[in-house]
Amino acid sequence: MNTGVQSPKGIWWKPAHKTERLWVIVAFVWCMVLFAMMPLWHIRGGQNPSGIRSRVEPEAFRARTEEFIRTYQVGTEQGIPVVEPPPGSDIYLSASMFSWRPVLRLQKDVQYTLHISSLDVNHGFSLYPLNINFQIVPGYDYGLRVTPTEAGDFRIICNEFCGIGHHLMLGKVVVVDGPTTALNTEAVAEEGVQ
Amino acid sequence: MNSSFRVCPTTGLKVHAQADALIKANAVAGTVTLLIGGIAAILVLLTRWQAVHLLSATWFYRVLTIHGMNMLIFFILFFEMAILYFASAVLLNSRVPAPRLAWFSFGLMVLGTVLVEWMMIAGKADVLFTSYVPLRADPLFYLGVILFAVGALLVVGIFFATLVVAKREKTYEGSMPLITFGATTAAIIAVITLGHGAAAYIPTFFWSMGWMNMDPQIYRLVWWGLGHSSQQINVAAMVSVWYLLGALTVGSVVINEKISRTAFVLYVLFISMASAHHLLVDPGMGPAWKVWNTSYAMYLAVLASMIHGFTVPAGIELGQRVRGLTKGLFEWLRKAPWGDPGFSALVFSVVVFGFVGGITGVTFGTEQINIIAHNTLRIPGHFHATVVSGTALAFMGLTYYVIPLVFRKEVAFWPLAKIQPYLFAIGMFIFSICMTFAGTFGVPRRHWDISFAQAPFDIQFSPAVDLLIGIMAIGGLLAALGGGIFILVTVWSVFFGKKLEAGSTRGVPPGILKPPSALPAGDADGGALLASRGTMVLVFVFLAAFVVYYFVNWKLLSFLWKIG
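Sequences listed follow chains X and G, in order. Start counting the first sequence at 1; every next residue gets the next number (the numbering used here). Start counting the second sequence at 1; every next residue gets the next number (the numbering used here).
Honestly, the hints are just simulated from the structure, not real lab data. Just so we're clear, the structure is a prediction, and the values are computed from it rather than from any experiment. We treat Cβ as the ideally placed atom computed from N, Cα and C, and that holds for glycine. Please note that a few of the clues may not be correct.
Covered by chain X, according to a simulated footprint, are these stretches of chain G (three or more residues, beta-carbon under 8 angstroms) [what the hints assert, rightly or not]: (1) 30 to 40; (2) 138 to 150; (3) 164 to 170; (4) 207 to 220; (5) 241 to 253; (6) 372 to 379; (7) 396 to 410.
Capping the alpha-carbon separation at 16 angstroms, the derived lysine to aspartate or glutamate pairs in EDC-like fashion look like this [what the hints assert, rightly or not]: (8) G:Lys-514 / G:Glu-501; (9) X:Lys-9 / G:Glu-257; (10) G:Lys-562 / X:Asp-109; (11) X:Lys-9 / G:Glu-173.
Label pairs and their in silico Cβ distance ranges [to be verified]: (12) G:Ala-51 / X:Ile-43: 34 to 40 angstroms; (13) G:Ala-297 / X:Glu-150: 34 to 40 angstroms; (14) X:Gln-73 / G:Val-265: 57 to 63 angstroms.
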């Protein structure tokens, strides 16, 4: 027997005692479970960070977002355009110091492809209060297929440090139950007037 | 040549004068940077505690940068350099080859540190610890990091040279001790890590000079080869210190050299896993890349830590049992030297690292679960349990032995030193648990104002968050008190402390005053004692906690919107 500060003498490559071997086996099996859960969730689970990923120049992404806003804008809130895209469409959200653009109005239980990218530095997409988080890297378009499963008023926190105004960067997503109506649209427009 | 050696009266080891001096210099530099990082820690804490909200936004991010760089790079690496000299030259009775180069490397590291500190305090590097491009700092900031890394890399080279010299000059018999082996794996990981550091910071330096372009995603990939691999150096060094403290305080046994050493090798082989799990919700990599690089299909680095999590307490248990503490499941633990700060630091380091840091880390590092953890307070909650309650606390425990063994001084304010690990560990435990839970509500990390008072929309976190952050602050202040006591005790002992003499009893850790009795010689394997029954109970409690936490997180994830 020796301690860890002493040099072991002779051959120390010896079989482990059975309790130690038992723990190694149990721990290894647990590690395999840890691994298996990831591919399994891709098959059976509903939340995966896969997305449709591609490179995009910040200028090109800015242009795409502005085009998207022009087509579907229904109002303005706090100076930020409010956009109500048709169900199932590709939607665009751009992050830049220190705002998220535009405000999105989505329908519950409809799948959208949400393209997010940054126009300047790294940002973090964090949907409050659900706690859904993604890294937003300039030069990369993260196209996530999202299906809102509950209606409500959500916020987008920036959770990657992006400069001294980082804490000002807060966006908004509204999810409505059922098809959006003209009434809703008017409400948004009025809010915009305020 | 013999004149430059002294024989340690406690351990009987031959200690080279240069090794002594280099360990002292690095320990002092480590303590100074710990003090700077610690002051920054208190300022950051008092700002995130919304009830106080001390600093302005600009100074908050600046001080947070200072906190991260000092704690995660300077303090910890200076300390690890000291451990490398100790584990090679001291434990192997060897001289330090190329002492001039060793001092030159130390000088480079100090110069790098000074440059970086200057840039940060001058407000020319408000980019946080990760300095993700295209956030831009002054070129001197990147240059400082490069100089520091080159210095550290040279010390690692000297460590390997010492191993060769010791072997050639036959300064020890048989295989190198387990602790030296563990430090060797830390050194190998350090080479990999510092290589990534060069690959990240040299181009970034050129970029900051306007000479080339940088891809932000590639930067994130390569930078994490530094950022997390360096934590793997910490793990390997910390586990070595666990074995070392076990040996010094209670004479713990290496149950099986093969198993413990193989586990260390797994850290080297599976190092890049840890780096990949920072990119799990990044747009640049696909699911196959993420799943594979998180685990290599087997999670063998996790297995390695789970093995050490068994062999370290089991070694203590067996060491105590062969010395007669054989009653029941836990007499070995009950009658352990709890008043020895080396021992209490060891136990808390193992427990908090494993139960809080390890379990949360592996869970958050799962591809899909990362969606509900990335960049929230759950992440700093995790790594304060690993690096602070784990690594830093183990290093603190070791320091109480380094003061008498290397500095030849009594430990000053001994009663304070005895309670220091308790204050620090309990404080840090509360701090990291509350931080992790606050993160579950989506509270972002690295954020000046989660009341979003000046933001365009309103947001109101659950009142539970205020409560958690309040308790977190109390835990943090308790830990800061523990950290302050640590610095007071070490600085006082080293610079103003009483010299250690043959008859000294005050301020000498029990493991030195009354060393554990020698182990039975030869191949006696302790027979039935090897069963380590107490440890078996403890590790299965750990596994149960792990399984529950892991699957609760899958359940939480399943409540979210559908995302794919």
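Verification of the supplied hints:
| no. | hint | result |
| --- | --- | --- |
| 1 | 30 to 40 | violated (count 0) |
| 2 | 138 to 150 | violated (count 0) |
| 3 | 164 to 170 | violated (count 0) |
| 4 | 207 to 220 | holds (count 4) |
| 5 | 241 to 253 | holds (count 8) |
| 6 | 372 to 379 | holds (count 5) |
| 7 | 396 to 410 | violated (count 0) |
| 8 | G:Lys-514 / G:Glu-501 | holds, 15 angstroms |
| 9 | X:Lys-9 / G:Glu-257 | holds, 11 angstroms |
| 10 | G:Lys-562 / X:Asp-109 | holds, 9 angstroms |
| 11 | X:Lys-9 / G:Glu-173 | holds, 7 angstroms |
| 12 | G:Ala-51 / X:Ile-43: 34 to 40 angstroms | violated, 47 angstroms |
| 13 | G:Ala-297 / X:Glu-150: 34 to 40 angstroms | holds, 36 angstroms |
| 14 | X:Gln-73 / G:Val-265: 57 to 63 angstroms | holds, 60 angstroms |
Against the hints set out earlier in the document, violations occur for numbers 1, 2, 3, 7, 12.
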